[in-house]
Every structure is written in structure tokens, then in C-alpha cells.
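Enquirer: Build out the structure end to end from the sequences listed, making use of the hints.
Sequences listed follow chains A and B, in order. The first sequence lines up with residues 1 to 379 when you count with my numbering. The second sequence lines up with residues 380 to 779 when you count with my numbering.
Since the hints were made in silico from the structure, they are not lab data. Quick caveat, the model's predicted, so the values are computed rather than measured. The beta carbon of each residue, even a glycine, is placed where N, CA and C say it ideally should be. Hints are not guaranteed to be accurate.
[Said to hold, decoys possible] Below, a sample of chain B positions facing chain A; criterion: calculated Cβ distance under 8 Å:
1) 427
2) 610
3) 613
4) 732
5) 735
6) 739
7) 746
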Amino acid sequence: MRRIAVTLAFALTLGGLALAQGTIKIGVFLELSGRMAVTGNDTLYGVRVANEQQPTVNGATVELSVCDNASTPEGSVVCANRFVDEGVVAVIGSYSSSHSIPAAGVLQPAGVVMVSTGSTNPATTQVGDYIFRIPYTDQFQGAVAAQYAHNDAGASSVAIFRQQDDDYSVGLSGFFKDAFEALGGRTTVLDFTANTVDFSAQINNLRSFNPDFIYYTGFCAEAASLVPQLRQQGFTQSILGGDASDDTQCPDGGGAAFDGFTFTSFGEPEVLTGAAAERAAEFRTAFEKSYTLDHFTGFTLSGADAYKVLVQAITDAGSTDHAAIRDALANLQDFPGVSGDITYVGTDGTPANRVMGLYAYQFSGNSWTKAVLKGISLE
Amino acid sequence: MAASAVVPRRRPWALWLVVLGGLGLITWRMLYLHGVNEAFNAAFFAGAVVRSLQLGSLYALIALGYTMVYGIIRLINFAHGEVFMVGAFAAYFLFSRTPFSWPVALLVAAAIAFGVLQFLNFWRGRARDPIVLAGALVVFAVVAFALASTQLGWFWAMVASMFVTGVLGMTIDRVAYRPLRGAPRNSMLITAIAVSFFLQNFGILAFSNRQTPFRPASFFTGPLQFQVFGEPLFTSWMIVLVPSVTAVLVVALTLFVTRTRLGKAMRATAQDAETARMMGVNVDRVIATTFLLGSMLAAAAGVLWGMTFGSINQPAIFGILPGIKAFAAAVIGGIGSLPGAVVGGVLLGFLENFLTALFPRTEYFSGITEYKDTFAFLAMIVILLVRPSGIVGEDLSEKV
Numbered sequence: 001m002r003r004i005a006v007t008l009a010f011a012l013t014l015g016g017l018a019l020a021q022g023t024i025k026i027g028v029f030l031e032l033s034g035r036m037a038v039t040g041n042d043t044l045y046g047v048r049v050a051n052e053q054q055p056t057v058n059g060a061t062v063e064l065s066v067c068d069n070a071s072t073p074e075g076s077v078v079c080a081n082r083f084v085d086e087g088v089v090a091v092i093g094s095y096s097s098s099h100s101i102p103a104a105g106v107l108q109p110a111g112v113v114m115v116s117t118g119s120t121n122p123a124t125t126q127v128g129d130y131i132f133r134i135p136y137t138d139q140f141q142g143a144v145a146a147q148y149a150h151n152d153a154g155a156s157s158v159a160i161f162r163q164q165d166d167d168y169s170v171g172l173s174g175f176f177k178d179a180f181e182a183l184g185g186r187t188t189v190l191d192f193t194a195n196t197v198d199f200s201a202q203i204n205n206l207r208s209f210n211p212d213f214i215y216y217t218g219f220c221a222e223a224a225s226l227v228p229q230l231r232q233q234g235f236t237q238s239i240l241g242g243d244a245s246d247d248t249q250c251p252d253g254g255g256a257a258f259d260g261f262t263f264t265s266f267g268e269p270e271v272l273t274g275a276a277a278e279r280a281a282e283f284r285t286a287f288e289k290s291y292t293l294d295h296f297t298g299f300t301l302s303g304a305d306a307y308k309v310l311v312q313a314i315t316d317a318g319s320t321d322h323a324a325i326r327d328a329l330a331n332l333q334d335f336p337g338v339s340g341d342i343t344y345v346g347t348d349g350t351p352a353n354r355v356m357g358l359y360a361y362q363f364s365g366n367s368w369t370k371a372v373l374k375g376i377s378l379e
Numbered sequence: 380m381a382a383s384a385v386v387p388r389r390r391p392w393a394l395w396l397v398v399l400g401g402l403g404l405i406t407w408r409m410l411y412l413h414g415v416n417e418a419f420n421a422a423f424f425a426g427a428v429v430r431s432l433q434l435g436s437l438y439a440l441i442a443l444g445y446t447m448v449y450g451i452i453r454l455i456n457f458a459h460g461e462v463f464m465v466g467a468f469a470a471y472f473l474f475s476r477t478p479f480s481w482p483v484a485l486l487v488a489a490a491i492a493f494g495v496l497q498f499l500n501f502w503r504g505r506a507r508d509p510i511v512l513a514g515a516l517v518v519f520a521v522v523a524f525a526l527a528s529t530q531l532g533w534f535w536a537m538v539a540s541m542f543v544t545g546v547l548g549m550t551i552d553r554v555a556y557r558p559l560r561g562a563p564r565n566s567m568l569i570t571a572i573a574v575s576f577f578l579q580n581f582g583i584l585a586f587s588n589r590q591t592p593f594r595p596a597s598f599f600t601g602p603l604q605f606q607v608f609g610e611p612l613f614t615s616w617m618i619v620l621v622p623s624v625t626a627v628l629v630v631a632l633t634l635f636v637t638r639t640r641l642g643k644a645m646r647a648t649a650q651d652a653e654t655a656r657m658m659g660v661n662v663d664r665v666i667a668t669t670f671l672l673g674s675m676l677a678a679a680a681g682v683l684w685g686m687t688f689g690s691i692n693q694p695a696i697f698g699i700l701p702g703i704k705a706f707a708a709a710v711i712g713g714i715g716s717l718p719g720a721v722v723g724g725v726l727l728g729f730l731e732n733f734l735t736a737l738f739p740r741t742e743y744f745s746g747i748t749e750y751k752d753t754f755a756f757l758a759m760i761v762i763l764l765v766r767p768s769g770i771v772g773e774d775l776s777e778k779v
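Expert: Put into C-alpha cells, the structure is as follows:
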């Protein structure tokens, strides 16, 4: 009996050593602190659960090298440089375009594959052929939002709130403006910068334009201040947000002023269709075993898919060579991801056929829920 | 000989000309805008004025802390913005997390009682006065019991937060600045920046790393709507509360500085610390008191700031911009001067809110809203070039 135990322990030790030798490193940089910490962490949980589901690839254990970019472009560059020094096989991240683009500028020349989990600015994947993404682009999101404002909300003049120091916000507001003006509407753009608290000057500028619809393209750190101030100063118009509004900091920070706040965002199981919806729901069940469901959003699915496509590409490549992984990823076709099918063949690194959800915050008293209105796909 | 010949020329009419001319220009601009667009009506400008006053009062409260500390030890206390942040978060925990568990209640009550002890000392003058000690003990017992049993309203949360933050300010002075009293001024400045970074990161770990709701149950945060020349103005009761609380605190501070022994010692230290020490003033105690009062005002500003905007930013960024702007306000008004801080703060509020309302976005002009965060610093540069001692500052020669 004792002998068996000793042998077993010995075998386990050897096995452990063998595993330790066969590890591959994937870098993950996300907004784990700072103004986008909520979404960054939700994304990371998705990566972690996907990692628990598929801990090995080609017989080697995957080790996640997690780096916090502190919701800053500088932090993202620091993370990217760290990954290059560590010699990671590939990189996952990040949520925001303002953080993905500078990191891509480091990883592309270094020849390291990067899969962004949340960047929707078209410029991200245009940095180079090593840069991929999971979500749709803002060209699509802006057009969908413009159609919603024009057709569903019946708006003819829209005030666009733009965070002028953020790539995502500037890009999205531009696409919305073009799409909405092409539909025959009028727009005005109101600028603010990160961490603005007092919006009375912007709201003053709103008075003479007197819009019948408001489009918000910034993040929740500012929306939590802006929306209550709009409501308090007598603006009762419908407000539509971009996917950066899909963050608990909005309704938690801003309170009941967010009742009825509608926004487009990444697909959740309810808006997906067919086999993808089943895979997403299955993933949610697995997620629930490790984390609470209030951390489960479309960004979680996106994080999981970034991990899954990389594992698939490393499997297809059969090696950890950077160029081989890139080629395998660029040839990926109809990969069954939890956020929908993913095809990179013939694209600039943005998968075709993404599904977007339309959601709204609904309040009863002080508690709120995120209601699913409908799913929107590219066709 | 030449120096004695220079007599400062007094031209009071020049000042009046500038003021009246400015008012005239503003009136003309408002009438012109009203002609351009009906939306720029009396309610629009009245709203801008009340909001300017509200924001200006908040800047003034923060600026007072900068100016007091600078006046006494010639230190630009860069950690003051973070003290303001701690004040807001302390109040947040006091109204949203009470009743506390007993250990927490005792700890917080101890900090509050220590602050009250310092306060009672102002009046009695001696540290180990039995009346003062007994008073602090009673406060400790009552506060501990209150914290452990009931939920605090915004007012008591503000008062408690003022004492907690005041004690924090004294602690910063004792730990970080007092050991450097004789050191070069740059060492103190660098230490102040270090304290600021420390508090930011401590706040992220201890308080929150996200946008935090700041909505205590209060009548004042409710909507207030009234008519200005037949046009509706939408606002909240905070436009009444913020300037009133500020006025009360500023009057109390002025009375303290001008009417009490410790206030007199403070003025003496500001004029010349060495001589004051020789005259028997306990300079270290005066400095500690300065930090206590400045931090208390910052805490009050933090609470009013949170209630005005409904939520507070995460600790690493919450204090920075208001803090630096308030510092600019202190310089504009004349750093080292108490009325200067108030004037500078209110002026800054008008620059950010009323000036942007005077140049709003119209069909032909994109407005100056995007640049409003730079006004504070532009004004500071202009003041430093034109009148380095600030609007109401004393003559520079007295300070050096």
C-alpha cells in the first residue's frame, strides 16, 4: 500500500515536471483597474473560464500572463512590451480601442499575434496583419444606431456626445453622424474629455440645437454624471448609447436617470441564433460555476472567444511559431465560437457576420435590470 | 532717492471703468445672443449664473485649504486634492454603510473624537484640560453608539467626515511634513506629491475602483424648477445649499482667524514663523490646526461635490482636476489670502460656467466649451503675468 502511494506520488511529480516543461504563455492585457475596470474584469473572467475548459493545446499547458493596463494607453504599451520580453506565443486584449491601437503598434512590428476582445474602431486591425479582433466594427454599430434613431425612434435631429480624447468615441460618433445625415437627419457634436464631471457647459450648447434624440458614444465613468444632469435640466429625450454604455457603472453610478436608457452592445445568448445561442448558453452555465452572473456580459463571451480562436490557431499551426499562428488564424473559417461563428478568411482581421444586441436599462425603485430588446445582424 | 520718489498712484475710477465696461459688454452679448436664438433667454443665463456660483463655492472651499497651508508654511500641498477625495469617500461610507459593526464604529468614533478634541482645544487652549478630555470622551461614546445603531443622514455624514478628514490632514502633516520643517522647500513639495500618489492608490485599494453613486436621501438633491421672466429654469435645491454651506463655513473660518487667540497665533506665524516662535507661539500646533481646518473644508467640499453631481469618480482621478483647479483659483485670488481663495474660486466657477454660456454653440460658431478645463490655468498665467500677488493678494514684498 505504502509502496503504491510512493510510486503514485513519484509519478505525479514526474507528470507535474513534464507539464511544467510543456507550457506555453498567452499574454492577456485588459482594463483591470481604472475607469473601465468593470468591463475589463468581466472580459478576463471569460478568458479564465475558457482557459479552464481548454487548459492544454498540443499537449502543452496554457499559462495566462495577465497584465493590467490601468485603463490607459501608456499602460497598454507597457503590457505589450512586457509580453514581447516574456516571449509570449500570442496576446489577448484589450477592451478599449484607445488601448488596443497603441499595443498593436508594439506587437505588429514584433510579429506577435494580438486578438482584441472589445476594440470596435476599424483602425485597430488596420495596424497590420498580426492584429485580429472578435467584435464588429463601429462602422456597423454607427449605421445600426443611426437606423434605430431614424426609423424606430423617429428622430430628425440628434445631439451626439463625443469624448474627444478617445479613439472609440471619435470613430463611432463619426460613423453615426455620416449614417444619420445620409438618412436625411441633422446632427450636432458635443465634445467632452475623460473624467468630465460637470456637463453644464455642454448642456448649455444643447439648448439652441434642441435635439429630439441624444446619442452617447462615451464611457460610463462620464455617462453616470451626464445622464442625471441632462434629466435634471429638463431634457427628456430618448438616449441611445454605444457598447461602452454596457457597464454596470452606468446604472449604478447614475441611478434612476438611466431608466429607459437604450444601447447597442455585444451579443448575449438571448440575441444569438441557432447553434451559437446554444453554445453561448452552455458557456454561461459553465461560467456560473466559477463567477456570479452579474459579471456575465457580451464582453465575457468575447474574451472567451479570443482565447478559443487562439487555441484553435495554435492547434492548426501545430507549433508555437508566431508566423504559423498568424497564418492559421487568418485561414480560420466558420469557427464555432460562443459569440457566434468566426471567419477570418478574406477579412482584415474583423470577423464577418457579427451579431449585435439592443438592450435597455429598466428601473423599478432603486434596482435595475438590463432588458434584451432584440438582436441585430449585419445582413 | 529714486525709490522714495515713486508714489503709488491710486486710480479707483480705472477699476470701476473696467467693472462697468465688462458688465456692459456682458449685457450686450446676452442681448445679442437672445436675438440670434430664442433658446438663449433669461432662464438660460440665470441658470448659468446659479451654477457658476455653485461650482465656484466648491472651488472656493478647496482653495481655502491650499491658501491656508501656503500662507503658513509656504508649501503647495499637492495632496489636498486627495484629501478632498478622502472626505467624499468617508462621507459615502458614513451614509451608505451605517450602521457599522462595533469594531469599525469604535475606530471611526475614535477618529471623530480626536478631531473634536482638537476643536475643543481651540476654545480651552490647553491640551490636557479635564473639560476637553471629558467632552471628547462623551463625543466618543455618543458617536460610537450612533454609528453602530443608526443610519446617518447626509448632514451628519458630512460633519463626521469633516472630523475624520481633518484628523487625516493633521496626520499627513505630522508624518510627512513636520519631519521636513527645516528642509529645502523642494523636498516638501516632492513629499506632497508622494502623499498625493499614496492616497490615490490607497483609495483604489480601500474604497473603490469604479464610479461610485453618491445619492444620500436628501431634500436638496431633489429637482427645483422656477420661472425667470416667464421661462422655466430646471435645477435642484443644491444651488441653494452649496453656496449657503460655503458661506457659513467661510464666515466661521474668518471669525476663528480674526477673533480667537489661536487665530491670532496663526496670523502671526503666517507673517513670520521665527518671530512668532520667539514670542511664545507653538508653531507646530498652529500648523497642525491649519491642516485640520483646511482638510475639514475640503471634506465639506467633497460631500457637496458628490451631492451636486450624483456620483463620485474613482479615487485615483477624483481629486486631481478639482484639486489643481482649486489651486489655480487660490493663485488667481492671491495665494496666502483667505478672501483671495473665495474670490478666486467663485471667479473660476464663473469662468467655467458663465463664460461658456456667453459663447455657446450657434449656427456659425462651435463654442468654447471644449476649452473650459484650460480657463483656470489660462487665468492663472494671466494673473501671474499681470498681478503676481493675485486679485486681492497682499503686496509680494511683505511675503518674502
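Enquirer: Now look at each hint and say whether the structure bears it out.
Expert: Hint check:
1. 427: Holds - the Cβ of residue 427 of chain B comes within 8 Å of chain A, reaching about 7 Å at its closest.
2. 610: violated (11 Å)
3. 613: Holds: closest Cβ of chain A sits about 4 Å from residue 613 of chain B, inside 8 Å.
4. 732: Holds - the Cβ of residue 732 of chain B comes within 8 Å of chain A, reaching about 6 Å at its closest.
5. 735: holds (4 Å)
6. 739: Where the cut-off is 8 Å and the nearest Cβ of chain A is about 5 Å from residue 739 of chain B, the hint holds.
7. 746: holds (5 Å)
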